[in-house]
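Number of protein chains: 2
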Amino acid sequence: MPASYAYLGPEGTFTEVALRTLPETATRELIPYVSVQSALDAVRAGEAEAAFVPIENSVEGGITTTLDELVAGAPLMIYREVLLSITFALLVRPGTELSGIKTVSAHPAAQPQVRNWLKKNLPDALWESAASNADAARLVQEGQYDAAFAGEFAAARYGLEALETGIHDAENAQTRFVLVGRPARPAAPTGADKTSVVLWQRDDHPGGLRDLLGEFATRGINLTVLQSRPTGAGIGNYCFCIDAEGHISDRRVSEALMGLKRICLDVRYLGSYPRADMTTADMQLPLRGTSDEEFVAAADWVARCQDGRF
Amino acid sequence: MPASYAYLGPEGTFTEVALRTLPETATRELIPYVSVQSALDAVRAGEAEAAFVPIENSVEGGITTTLDELVAGAPLMIYREVLLSITFALLVRPGTELSGIKTVSAHPAAQPQVRNWLKKNLPDALWESAASNADAARLVQEGQYDAAFAGEFAAARYGLEALETGIHDAENAQTRFVLVGRPARPAAPTGADKTSVVLWQRDDHPGGLRDLLGEFATRGINLTVLQSRPTGAGIGNYCFCIDAEGHISDRRVSEALMGLKRICLDVRYLGSYPRADMTTADMQLPLRGTSDEEFVAAADWVARCQDGRF
Chain A
1 MPASYAYLGP
11 EGTFTEVALR
21 TLPETATREL
31 IPYVSVQSAL
41 DAVRAGEAEA
51 AFVPIENSVE
61 GGITTTLDEL
71 VAGAPLMIYR
81 EVLLSITFAL
91 LVRPGTELSG
101 IKTVSAHPAA
111 QPQVRNWLKK
121 NLPDALWESA
131 ASNADAARLV
141 QEGQYDAAFA
151 GEFAAARYGL
161 EALETGIHDA
171 ENAQTRFVLV
181 GRPARPAAPT
191 GADKTSVVLW
201 QRDDHPGGLR
211 DLLGEFATRG
221 INLTVLQSRP
231 TGAGIGNYCF
241 CIDAEGHISD
251 RRVSEALMGL
261 KRICLDVRYL
271 GSYPRADMTT
281 ADMQLPLRGT
291 SDEEFVAAAD
301 WVARCQDGRF
Chain B
311 MPASYAYLGP
321 EGTFTEVALR
331 TLPETATREL
341 IPYVSVQSAL
351 DAVRAGEAEA
361 AFVPIENSVE
371 GGITTTLDEL
381 VAGAPLMIYR
391 EVLLSITFAL
401 LVRPGTELSG
411 IKTVSAHPAA
421 QPQVRNWLKK
431 NLPDALWESA
441 ASNADAARLV
451 QEGQYDAAFA
461 GEFAAARYGL
471 EALETGIHDA
481 ENAQTRFVLV
491 GRPARPAAPT
501 GADKTSVVLW
511 QRDDHPGGLR
521 DLLGEFATRG
531 INLTVLQSRP
541 TGAGIGNYCF
551 CIDAEGHISD
561 RRVSEALMGL
571 KRICLDVRYL
581 GSYPRADMTT
591 ADMQLPLRGT
601 SDEEFVAAAD
611 WVARCQDGRF
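Residue numbers (my numbering), protein chains in the order written: chain A, 1 to 310; chain B, 311 to 620.
All clues given are correct.
Going by beta-carbon spacing under 10 Å, a handful of chain A positions derived as facing chain B:
#1 Arg182
#2 Gly214
#3 Arg219
#4 Glu255
#5 Lys261
#6 Arg262
#7 Cys264
#8 Val267
#9 Tyr269
#10 Gly289
#11 Thr290
#12 Glu294
#13 Trp301
#14 Gly308
Bear in mind the hints are in silico, worked out from the structure with no lab data behind them.
Given the structure is predicted, the values throughout are model-derived calculations rather than measurements.
From the three backbone atoms N, C-alpha and C, an ideal C-beta is built for every residue, glycine too.
Assemble the whole structure, with the sequences as input and the hints as a guide.
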């Protein structure tokens, strides 16, 4: 097993910055890949221990390339998640002034997050999309464009300077990244975990999605993400990518997963992992009646009823 | 243990007729009691093996005396149920003609079921309530009243004749009786069973009853009876007497009972017993996803996910 992590490259992007927040990266080789798919395929092929890719963006929503790979490709599991606040710097060659900027570049995903800033500060600048924000910075370094939107951390690497920092149209713009590996036993529960699954409905009927959600609601489980994705079987055919609070070793979660397995055409388990947005201390107590202790006590009671001892 | 069954007397009532449909009564002494409560207390005191009492009437609804005893008295369990179609005969002393009937008598529960017949056929007859239909027949025999509404089977016992039979205002008027004993292991499932429980809500909140019903619905369990009864804690405080399809040894039922136990203030298990209205052949297949096999398969799948083997 090579001690390397694949990630969506190139170097110097938000993805690499997010990846480096994981302590275990200190002892791993980090290898950039040109696409989400190639990074995940490196894991499937055993060339990398895990892959680190974006999965959700608070401005644009789910990253469909990543979701579709997890939904339909050879099975993989999520082991960690990282949330990174995304703010852009305007990187220019040293000495460039705002008034001298005629062209700006960045990855297309950056555009919705800098659009208002551009309108106000550089209304006449021409937008040129680049393969990544880091690539845009490189093209500025090479003189092809005047300015790039990228993470401030990219300035040093490309000999640029940040003319402006903290650019973000939406407050609290965040991107969520996941560390994905081959299926194995999930990490132990921390008390503040998430479980990800993909659900395929058995047939289309009124209340079908409501029935699926009922399996969570009945056990007092909150959902953090519900994203529908086409199954490829034609218009109107969707599967559901769901992130739920809790760990598969929590009784309420395992019972909900059993219920879903019974009523769905198929369920793909995508892992249980510590949530990045809160710690155990931030977690609300589980809804009354849904703690492991209450599950055990209820099972004991039913066993006594089955025996006529009560 | 005395091999005797207590039942709501006197002799010669619908209750006795219903009780005698149970094959095991051939080898038991059948002892009439003056009230539901005294029959049930005989079981609690160990004087009788079981008690046979009415619990539900298709015209009048739940028999509250019986329900309240099962809800609040020392715990008992239902082991059998019997459905009896109730049609009345008009019993008179031999030779009496319709035109000669000035007074009619029966138990008050009979009145709603013969009201229309009386209006049409004996509009001027005076109604006199009796302690039971059998008692009314006895009073006719003794000359106190001219006619009694009772089961046709009561005629011979009291030297009367049936001037008219098959009297019933409501089509398919039925009474449901239950055989009640001290708590013990329920009878083995037959494939067409019912499970009875009493539920006390933890607190009154919007959607509270809907949450209770959701525990059944989520597992594809149909309810046959839902009857609310005051808890005695003041106006608006009710518990719920519920009969559900299935046996406590069915996985879908045991899981629903566990769910109720977790969310309710209290649950009283009243037994699982063969249903009288249908046999296994009449039963619909359980809703897809709720068979024991599907529960076992789903539990196996979750265990594999917990191990990372899938």
